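Take the given structure of chain A and dock chains B, C and D to it, following the hints.
Protein chains in written order, with the numbering used here: chain A, 1387 to 1743; chain B, 1387 to 1743; chain C, 1387 to 1743; chain D, 1387 to 1743.
Simulated from the structure, these hints should not be mistaken for laboratory data.
For clarity, every value in this text was computed on a predicted model and none was experimentally measured.
Check the hints yourself; a few may be wrong.
It does not matter which identical chain is used: a pair holds within one copy or between any two.
Claimed, not checked - Straight-line distance between alpha carbons at most 30 Å, and here's what the computed DSBU-like set of lysine-lysine pairs gives: (1) 1656 <-> 1583; (2) 1425 <-> 1735; (3) 1694 <-> 1598; (4) 1451 <-> 1549; (5) 1656 <-> 1598.
Protein chains: 4
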Amino acid sequence: MFNSLGNLLNLTTFGESHGIAYGGIINNFPSGVEINLEKIQYELDRRKPGQSAIVTQRKESDKVKFLSGIFEGKTTGTPIGFLIENENQKSKDYDHIAEMYRPSHADFTYDQKFGIRDYRGGGKSSARETINWVVAGALAKQLLPEIEINAYVSSVGDIFCEKPYQALDFSKTENNDVRCPDAETAERMIARIKEIKKEGNTIGGTVTCVIKNVPVGIGEPVFSKLQAELAKAMLNINACKGFEYGSGFCGAKMTGSEHNDSFNPDFSTKSNLSGGIQGGISNGMDIYFRVAFKPVATILRPQESVDKYGNPVIVEGKGRHDPCVVPRAVPIVENLAAFVLADLFLINKTRNINQFK
Amino acid sequence: MFNSLGNLLNLTTFGESHGIAYGGIINNFPSGVEINLEKIQYELDRRKPGQSAIVTQRKESDKVKFLSGIFEGKTTGTPIGFLIENENQKSKDYDHIAEMYRPSHADFTYDQKFGIRDYRGGGKSSARETINWVVAGALAKQLLPEIEINAYVSSVGDIFCEKPYQALDFSKTENNDVRCPDAETAERMIARIKEIKKEGNTIGGTVTCVIKNVPVGIGEPVFSKLQAELAKAMLNINACKGFEYGSGFCGAKMTGSEHNDSFNPDFSTKSNLSGGIQGGISNGMDIYFRVAFKPVATILRPQESVDKYGNPVIVEGKGRHDPCVVPRAVPIVENLAAFVLADLFLINKTRNINQFK
Amino acid sequence: MFNSLGNLLNLTTFGESHGIAYGGIINNFPSGVEINLEKIQYELDRRKPGQSAIVTQRKESDKVKFLSGIFEGKTTGTPIGFLIENENQKSKDYDHIAEMYRPSHADFTYDQKFGIRDYRGGGKSSARETINWVVAGALAKQLLPEIEINAYVSSVGDIFCEKPYQALDFSKTENNDVRCPDAETAERMIARIKEIKKEGNTIGGTVTCVIKNVPVGIGEPVFSKLQAELAKAMLNINACKGFEYGSGFCGAKMTGSEHNDSFNPDFSTKSNLSGGIQGGISNGMDIYFRVAFKPVATILRPQESVDKYGNPVIVEGKGRHDPCVVPRAVPIVENLAAFVLADLFLINKTRNINQFK
Amino acid sequence: MFNSLGNLLNLTTFGESHGIAYGGIINNFPSGVEINLEKIQYELDRRKPGQSAIVTQRKESDKVKFLSGIFEGKTTGTPIGFLIENENQKSKDYDHIAEMYRPSHADFTYDQKFGIRDYRGGGKSSARETINWVVAGALAKQLLPEIEINAYVSSVGDIFCEKPYQALDFSKTENNDVRCPDAETAERMIARIKEIKKEGNTIGGTVTCVIKNVPVGIGEPVFSKLQAELAKAMLNINACKGFEYGSGFCGAKMTGSEHNDSFNPDFSTKSNLSGGIQGGISNGMDIYFRVAFKPVATILRPQESVDKYGNPVIVEGKGRHDPCVVPRAVPIVENLAAFVLADLFLINKTRNINQFK
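Chain A with its partners taken away, still in its complex shape (with noise of 0.2 Å):
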């Protein structure tokens, strides 16, 4: 169902910038899941704002609070509701801005297509929508325990982190403000961060996800191929310009003497570039994939533009923004992953008759 994540596993979510709450309804999650709310809560601190220098200021708790579904610790298989209160809403900083088109912001598209809009924070635009997603998929990461997810911040403008995953120690993302298991790569990128606020601008990045440990045999084709629905997901994060898997747009230059994975004997591959799935369906490798973020579009410097009757105007980021979306990024990449997962590998299970006999 559009407008909707997941096509078996489902979350339908709510919830505007400035509103009241944001929230979401987890629909036929399995029964019989133990549920630690701690690591949900853990996963929504990492996506908090105001956890470090180089991310907004703004402050809120972000605390979930589950209303059904869960009983004795223990998921019912019944509607999983959750909500998460908006605490800090200074709503004037947004009045100067009802009538403004901001540029690279969608107040322009929401008003052609709607004929309204809640302008505060962007409403419905903003990226704090995501705390659902992250909220969906922390606990789907406790319906698959067995599943490692790691990504980190590969690229912030032009520093990356030139090692391939193989070589980074994923203990480490968190080490740092920006993400990066490589702490010499990190220290630029926070650098460059701490740079770029201080010039009221802001920069964009590249998240990688590696994904561990997925069973042979999850994803759908044809038209709900495992890559295909982590890309959907992924495109629909704000700020979210690309995605590619395995080889990616570097595969796109070599040959296929080059490219082919050979198989061992136990049908693992030598190489990888194919990124652990084929036709669609995942093949035991690890599967791994980089998402690109644009620079944030909120600014601290006079930009023109103009307001919703085509007069120009000057508008200037107030209040608190992130200088890069990259670091706040991880989690909800992680945790979008993990519930895209969930619902192919649900799906799975009545796909082969031999399963059930």
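Here is chains B, C and D on its own, set in the frame of chain A:
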């Protein structure tokens, strides 16, 4: 619904490479649309094998037959069933691979997931499935006559079409076999493909797609953003490894002051790094995106692999295969994009009460 | 999508009888609809427990709180989240049935299906869930202001309202506790329910619903016929055992010459045994249907039953229960019908190109 | 998705009465199921026109041809495409009604909704569409070999089969043309239909369906209850006017003490007024329901009607029509029920983590 395309306008398909026929059902196509069958066959002919020296020499007439939903030249609003018969089924070509797992093919994953597979020509995993998508997309184009969709080959291996799309004349795309509107680049691409073919090898490439005249308001935040639906569709195409739109991965290197698209008084934007989409909704500017394709896995050289028991075997591509998929991918990308747009266009007709008051 | 209501206009809900709250998300509700919150609360008050002597004396204020999707009195086209807090949770009332299976309740089937259940007040299987449906339907009514939907109690046990609906004045439905617009019949129904209540017993009944001013064309053949969507919605109501529309089961006794509805020159029909629907599509005549409800399973008498281990036990209803559900079912049927109509109404906006050319 | 059948196991269909062919695609059917094609054709033969003196004499061989999804006798898990060609298309029979609106047919509503219709034999509104449903249901039966589904004609006009289903021998259902297992009642039903046919009239009836050996746990509260999915499917059958299960409309006259089904120590119930379903979930007892069918609208007598301009006309049924649909409805009801059960059976495989831990 998983394993079908589209949310409201819906395509379900069937068919295997060496089965009796391909076909599909287009559900919820509006009534009253005049259908030009020649235009649909034209798109199929662009995708068809054997049309030039740089694609597979496999011969198929690929004639589509409509079985329902069109009456006296117009759609009736009832399901449109269509059929394309398979003609050229040299099943024997494939007997030798019945128990083999070809490198970077879906043989292993299908066997593992389903416990059975039609191995002839890759069966369901064959890219011949895309013939169904071209039929559906070509119909969708006739629902949106005002929208112009032009795809072209923007790279083959490391040969890139350096000119921006604005500098290209799309009326020239069909003037050469590789479908690059820049004649000089096309020549070099064709030479490269012929060279690769002579070596029994294959090569990757990219396709760029430009969509003009999309009305403002198409796309459904928060989970069916226009770019997300496009990405999902494209990543379902066989051999696709990546998708980017607007500034794409380059945008991740930029700063906000460079990247923001400022408005003109008529709400068009001075630059268009956003790629015609803001907040998941079309803003009236050109929509453009790029799709990466890996090199075809079937190469006409001996490769080490394993059979379904894990025993080492040598596989060698036989029969007639594409040395490079991108020339034939052009109509697939175009028509698939048309289908995605038509689906979201119809949904948009329900999103604002003032449209139908 | 299963476990949600509606195809395009979509309701997802959560909540258990003795949990923290009920609530839901209405997705894809069009923008620009002025919302009258009093009218929504009015429908909830009609459904509310404790409103009269012949319904349960359980007390709940059942106040709905909207959390998103409505801005400055109008819908914004973004998801509408709402919440109804549970107040009156005497969980202790239910401790004694934690391991018991009550006759004709869902205790056994939930335990078997999910391996766990929230037993308090029936948990998810409680009819309190319908509070969510009333909220969604009351919103849907405001999308279709011209359509008149009137349900009423047409029988309690063997006491029937003999008058055809055309002879009834629906403005009188709310004049009595049982919600039968025929005062004399209402009195007898009320007396019967009081008598049954005194016996600690319960009784069944039927609700008839009449829908006027539905535009021609609502309903989607072949798998989402208007009557099929209504039937599905009604059969999801707790205790519902049957649905018939137009001539219903009586029509099965008739001949074609008796049953056919002949046309007037204005395309209205002289008779209306079809119940306002032809081929699954509304024809502009009154739509009417009848819904059967079994007697409430909880009776205030000792009954032989078994516990989860199969041991014989005696269960006796405690707490406050409805002796007859039909008076409170009236607003549920009405609002549920409104939601189904609104969903199909929106879909119909996409089915004929000439509507938006 | 609207206009398709099933939530996870999915059927999409096409075809018009006098088009080239009917057909459909069954999506998400599990792999590894051995398919007996004879059994599928057997169900089609039971539905076929011209099989006895009391059904239409229209002749069609109704042979189904499978085009994909079955390989070496087993399902592959990929979409199953099928085709039934139309043979007996006397389009001329219908030229005279091209502009006429037949009483109690869908001519008017289709024209109004879609602005165009294939008028030949009712086009899409023809009950011939149900041939697709029988194919899909017959396949679904092979997914659930242990489940026994038996439907039979329980009334024709005012002639009822008075015996409860428990007293009937379903092996005798096919022994007579009307498909009532009680020989004596069958004779009276047949005589009544012949009499009605002689008068050029038609008559209604009911079909009862009994389903044995359904495992406990099938059905999805709260919006996809087993009875709700069955009701939706049945109300989509042409001419269906009502559905009741278990005690049905009679249950609405009963008291709780009469209606409750008390448990045996093995969790079976002493009585079964619930009809094998509690809280929308199968409880292991027999599931039984009854479906009402109105008399066929086409009668071989002159009737006053109007044309599309509102001018009075006389319509008179020509060609070959059923005097009573219920004998041919029996296999439709049975196979449609099988499809609904298979869909919910597959969904249930995903609802409890302990099933696949």
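Quick rundown of the hints versus the structure:
1. Taking identical chains as interchangeable, the C-alpha atoms of residue 1656 and residue 1583 lie at most 30 Å apart only when they sit on different chains, with a minimum of 25 Å there against 44 Å within one chain.
2. In this assembly of identical chains, residue 1425 and residue 1735 lie within 30 Å of each other by CA distance both inside one copy and across copies; the values are 26 Å within and 27 Å between.
3. In this assembly of identical chains, the alpha carbons of residue 1694 and residue 1598 lie at most 30 Å apart only when taken from different copies (24 Å versus 49 Å within one copy).
4. For a Cα distance limit of 30 Å, the shortest separation of residue 1451 from residue 1549 qualifies neither inside one copy, at 40 Å, nor across copies, at 51 Å.
5. Proximity of residue 1656 and residue 1598 under a CA criterion of 30 Å is satisfied intra-copy only: 16 Å inside one chain copy versus 44 Å between copies.
Violated hints amount to a single one, hint 4; each of the other numbered hints is respected by the structure.
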